[in-house]
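The lines below spell out each chain.
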Amino acid sequence: MTSRRAAYLGSAALAAAGMAFAAPAKAEVSFEGETIEWIIPFGTGGGSDTWARFNAPFMSEHLPGNPDVVVVNESGGGSTRGTNLFTQRAQPDGLTILGTSGSTQFPYLLNDPRVQYEYQDWEVVMVAPTGGVVYTTPDTGVESVEDIEALQEIQLTYASQGATSLDLVPMLGFDLLGLDVNYVFGFSGRGDGRVAFERGETNIDYQTSSAYLANVEPMVEAGEAVPLFTWGVLDEDGEMQRDPTFPDLPTLEEVYEMMHGEPPEGDAYDAYRAFNIAGFAAQKMVFLPEGTDEEIVEAYRQAFRDIFEDPDYQDSVEDVLGAYEQVTDDAAMALFDAGTTISDDVRERVVRMLEDDYDVDLGE
Amino acid sequence: MVEIFLSALTDILSLQHIGFMLGGVVLGLMVGIFPGLGGIAGLSMLMPFLYGLDTVSALALLIGLVAVIPTSDTFASVLMGIPGSSASQATVLDGFPLSKQGQAARALSAAFFSSLVGGVIGAIILTGFVLIARPLILAFSSAELFMLSIFGLSMVGVLAGRSLVKGLSACGLGLVIGSIGGAPATGEFRMVYGVDYLYDGVPLVIVGLGLFAVPEIVDLLRRDRAIATDGRLGSGWIEGIRDWGRNWWLSLRCSGIGAVIGSIPGLGGTVVDWIAYGHAVQSTKKDPKFGQGDIRGVIAPESANNAKEGGGLLPTLMFGIPGSGSMAIFLAGMVLLGIQPGPGMVSNDLDLTYTIIWSLALANVLGAGLCIALALPISRLTLIPFPLLAPFIIMVICFAAFQATRIFEDLFALLIFGLIGIYMRRFGWPRPALLIGFVLATQAETYLYQAVQFYGWDFMWRTGVLIIAGITVGSVILGMRARIDDSGPVTREEEVTDGPRPPVAEAIRRRYPQMLFTLAALALFGAAIHDALGKSFLGQVFPLLAGSVAVLFGGGLLLLQLFGRDNATGLYDTEAVRDEDARPLWSGAIWLVLLVGLTWLVGFILALLAFFLTYLPVRAKAGPVRIVVLTGFGLAVVLVMANALNLNFPGGLLQDAYRLPWPLR
Chain A
1 MTSRRAAYLG SAALAAAGMA FAAPAKAEVS FEGETIEWII PFGTGGGSDT
51 WARFNAPFMS EHLPGNPDVV VVNESGGGST RGTNLFTQRA QPDGLTILGT
101 SGSTQFPYLL NDPRVQYEYQ DWEVVMVAPT GGVVYTTPDT GVESVEDIEA
151 LQEIQLTYAS QGATSLDLVP MLGFDLLGLD VNYVFGFSGR GDGRVAFERG
201 ETNIDYQTSS AYLANVEPMV EAGEAVPLFT WGVLDEDGEM QRDPTFPDLP
251 TLEEVYEMMH GEPPEGDAYD AYRAFNIAGF AAQKMVFLPE GTDEEIVEAY
301 RQAFRDIFED PDYQDSVEDV LGAYEQVTDD AAMALFDAGT TISDDVRERV
351 VRMLEDDYDV DLGE
Chain B
365 MVEIFLSALT DILSLQHIGF MLGGVVLGLM VGIFPGLGGI AGLSMLMPFL
415 YGLDTVSALA LLIGLVAVIP TSDTFASVLM GIPGSSASQA TVLDGFPLSK
465 QGQAARALSA AFFSSLVGGV IGAIILTGFV LIARPLILAF SSAELFMLSI
515 FGLSMVGVLA GRSLVKGLSA CGLGLVIGSI GGAPATGEFR MVYGVDYLYD
565 GVPLVIVGLG LFAVPEIVDL LRRDRAIATD GRLGSGWIEG IRDWGRNWWL
615 SLRCSGIGAV IGSIPGLGGT VVDWIAYGHA VQSTKKDPKF GQGDIRGVIA
665 PESANNAKEG GGLLPTLMFG IPGSGSMAIF LAGMVLLGIQ PGPGMVSNDL
715 DLTYTIIWSL ALANVLGAGL CIALALPISR LTLIPFPLLA PFIIMVICFA
765 AFQATRIFED LFALLIFGLI GIYMRRFGWP RPALLIGFVL ATQAETYLYQ
815 AVQFYGWDFM WRTGVLIIAG ITVGSVILGM RARIDDSGPV TREEEVTDGP
865 RPPVAEAIRR RYPQMLFTLA ALALFGAAIH DALGKSFLGQ VFPLLAGSVA
915 VLFGGGLLLL QLFGRDNATG LYDTEAVRDE DARPLWSGAI WLVLLVGLTW
965 LVGFILALLA FFLTYLPVRA KAGPVRIVVL TGFGLAVVLV MANALNLNFP
1015 GGLLQDAYRL PWPLR
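Protein chains in written order, with our numbering: chain A, 1 to 364; chain B, 365 to 1029.
Incorrect hints may appear among the rest.
Pairwise CB distance ranges, derived in the manner of DEER restraints [unchecked claim]:
id: 1; chain 1: A; residue 1: P263; chain 2: B; residue 2: L1024; range: 53 to 59 Å
id: 2; chain 1: B; residue 1: V993; chain 2: A; residue 2: P92; range: 30 to 36 Å
id: 3; chain 1: A; residue 1: E221; chain 2: B; residue 2: L1024; range: 39 to 45 Å
id: 4; chain 1: A; residue 1: A222; chain 2: B; residue 2: V1004; range: 49 to 55 Å
id: 5; chain 1: A; residue 1: E236; chain 2: B; residue 2: D1020; range: 41 to 47 Å
id: 6; chain 1: B; residue 1: N1007; chain 2: A; residue 2: Q314; range: 32 to 38 Å
Under the rule of at most 20 Å between Cα atoms (straight-line distance), these lysine to any residue pairs were calculated in the SDA-like manner [what the hints assert, rightly or not]:
id: 7; chain 1: B; residue 1: K899; chain 2: A; residue 2: D359
id: 8; chain 1: B; residue 1: K899; chain 2: A; residue 2: D112
id: 9; chain 1: B; residue 1: K899; chain 2: A; residue 2: Y313
id: 10; chain 1: B; residue 1: K899; chain 2: A; residue 2: Q152
Computed footprint of chain A on chain B; a stretch qualifies when at least three of its residues, placed anywhere within it, have a C-beta under 8 Å from a C-beta of chain A [to be verified]:
id: 11; segment: 677 to 688
id: 12; segment: 701 to 710
id: 13; segment: 781 to 793
Source of the hints: derived by calculation from the structure; they are not laboratory data.
Just so it is clear, CB atoms sit at the ideal spot from N, CA and C, and this is done for glycine as well.
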């Protein structure tokens, strides 16, 4: 495996070198008359599918030659199947692209044996961040995030989709804050989890921003929910900043500092941060396969630059995807790096926690 | 309030709105008639058109599509015995026997008229329900949902067939197979044995197709008749509507059941048709012929499954949690139109909500109307000699199975479940009991675990739980009185057992085929128990319990087969009595094996070509012209469909070795 990886990297380096020395003959990239398959390793109707179907027509309009862009759903294996398929089958001709989500990043970061893909081989052309808000019920006696220490005294319950799902992020976050949380698994989505909260079955929960605005904010106004903090957003320097959609809410980092007088650091924080970024700040990414020509990559990046300027896009993006800007170029690279790299120590720590506390057997 | 009603009504009754809706209905009809495709395929075809439309028109298009799918999938269920989607599995039970009796047109029109009524009643109930639905939906916690899944499981009592012990063993098979894959509480993978395909569990579509469609085709292929046995189409579509008229009260009750169960998120629409079917069996006193072609067995599930879509709108609109596959599609469409579901749908956007609900009713009327018009011409398919129809049906089933996860293993799984279905049919194991166990396994386990986590074991004393428990007990008692199976209703008189009791050696000699099948089931239960023993407590408790109880029933059955009297209810083997004009059992199955095997080698399209070219001259004795025309037609249908949906076909060893252009890759 390692030697094959090395060979791949070697050939990629050679190709890159070859490109650098080749005359800058601007071979015009055009996808005229072609069909671009956008592999989404999730089923129809989910968040990633909706995201892709929103973007596809704009890509069709702005890619050179106006190709058809079709979404191909290849779900299964917690999104590892479709992604493996992309690794095995996609040719570096720009006609097959991949959209991944946090659920694709997590098994990769955790060395799940089903993963046969390597993020570092691919070319990232776009990243779509998202955010989320953690909230609790006033029954805990907490009236605002100022009272967060009171939560440490209470047995909290959280409705989770599974220990290796995106709900790993709140798990690591609550752990960092010293909250005592009982995780009840088997929920099929955050919507289900929210309904359990509304029934009073759980007393701490999070929702992604658009779902929070539509469903939790009315509860906050009615005095039935208390917002605590957000997962934050990553700026271009890799610093965690307040979520622009919720400028009044602190990030988890700020809450920690409020409680302990100093910003969080150490292994537990590194683990939270790595998975938080992979799960939210760099949640959805678009990739071209290994060995794709620089011109094709650039054509895609240019298309996204144009899309972001398209008034039709600007009119509808917030309604469909929430108030987070999709990015390309350097901003995308920064998010990609932060969302797909993890130190062996941090990985070990999380895998051990999953095994010891939640009977998760990632196997070999 | 009146203003809201009026504004919603004006929106709906505009010509433009109806036009777009009709567009959605026609598209949905074309897609829905193909088993296994359903709303998901329809959505991807619609998506490019949604942009640039105003919200109301786009919604009309979407609703037209969503509404007509549980209607149009009835064609496959009734005419060919193929459960077109999970919503019309129960329809197969009586619909297909009716087709065999030459009454396809009657069954179809009764089904469509029931769908129409179900859709409209669903909308009427929702109109009132929508304002109080929120607290009601919230009242169904994991505890009540667990009890509801037990209620669903209690339908096994009705559908257990001639022998209760066999029915419960079949249900055990379903529970064990349903527990394959990730455990809800811990995520541990159960019984996957390193097979990637099993990690996500076995898809419901495959189980439905394998259990119901495959055995019927295999059986029909042993003879040279048409589906309609005597080659005539009996009473027509008007008779079907009269049938509905005679059973209007049953239809209304089932519509109510459908709307209410559909609106409870979590249980999903997958068991609604079985609950309605079970209700019809329990409540019918006059001359029941369920399982042999009782029109009430068609009216009940079809009334319920369209009403269910209306009910499913409630959790979708108010909480953003879709109750069924088609509602998930609808939700995605709404999000793309920039509509966020939430409590706002019953306050600020109430007019939009009513527009959606009533559009659904109108779309049901349009869809069912079109289907009734098509019923007579399409039901002529049942007059074609079956050997000529069979390659297309096998093709369609494989194509449908392949939609489950779109890899070759889907076809292999279809073959396995087809075999299970063939032997269950042969030995009189009730297939609906397996299916119900399969569908409810995960739900019962998840909700029990969640209920205990949230409420402790005291959850049993919640009011809602007690009410549902009461209904369940009542249903079980009713079920004792009226059970049905493939060969018709079970009456008390038949349960008398006073036949001769053969010596054990003699019993084994005569009954070894059915004993082998029982042993195979016992082996699966044993494997489930063995696998569970290696898991953590929360991961093992459910399969351990289900497996152990199933071993008891399976063991009991085996004892009966060893020592039972000759006419004991647990004994059954269709092959024990030779049917002179039938070919051997394997002669039908071999063709499905051929197509799947060839696909494994050279991929689906080339395999299909080879399959047609072998089957038509060898089995159907077709001449050269027919061979060319039929093969061309079959390939064309699949290619056009796949092209419209951007589908790749499953590849084989050939595709692994060489890169080939679409559609061969």
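Okay, the hints, checked on the actual structure:
| no. | hint | in the structure |
| --- | --- | --- |
| 1 | A:P263 x B:L1024: 53 to 59 Å | holds (57 Å) |
| 2 | B:V993 x A:P92: 30 to 36 Å | violated (43 Å) |
| 3 | A:E221 x B:L1024: 39 to 45 Å | violated (59 Å) |
| 4 | A:A222 x B:V1004: 49 to 55 Å | holds (53 Å) |
| 5 | A:E236 x B:D1020: 41 to 47 Å | holds (43 Å) |
| 6 | B:N1007 x A:Q314: 32 to 38 Å | holds (34 Å) |
| 7 | B:K899 x A:D359 | holds (9 Å) |
| 8 | B:K899 x A:D112 | holds (19 Å) |
| 9 | B:K899 x A:Y313 | violated (50 Å) |
| 10 | B:K899 x A:Q152 | violated (32 Å) |
| 11 | 677 to 688 | holds (count 4) |
| 12 | 701 to 710 | holds (count 6) |
| 13 | 781 to 793 | violated (count 0) |
In summary, the structure is inconsistent with hints 2, 3, 9, 10 and 13 from the numbered list given earlier, while agreeing with the others.
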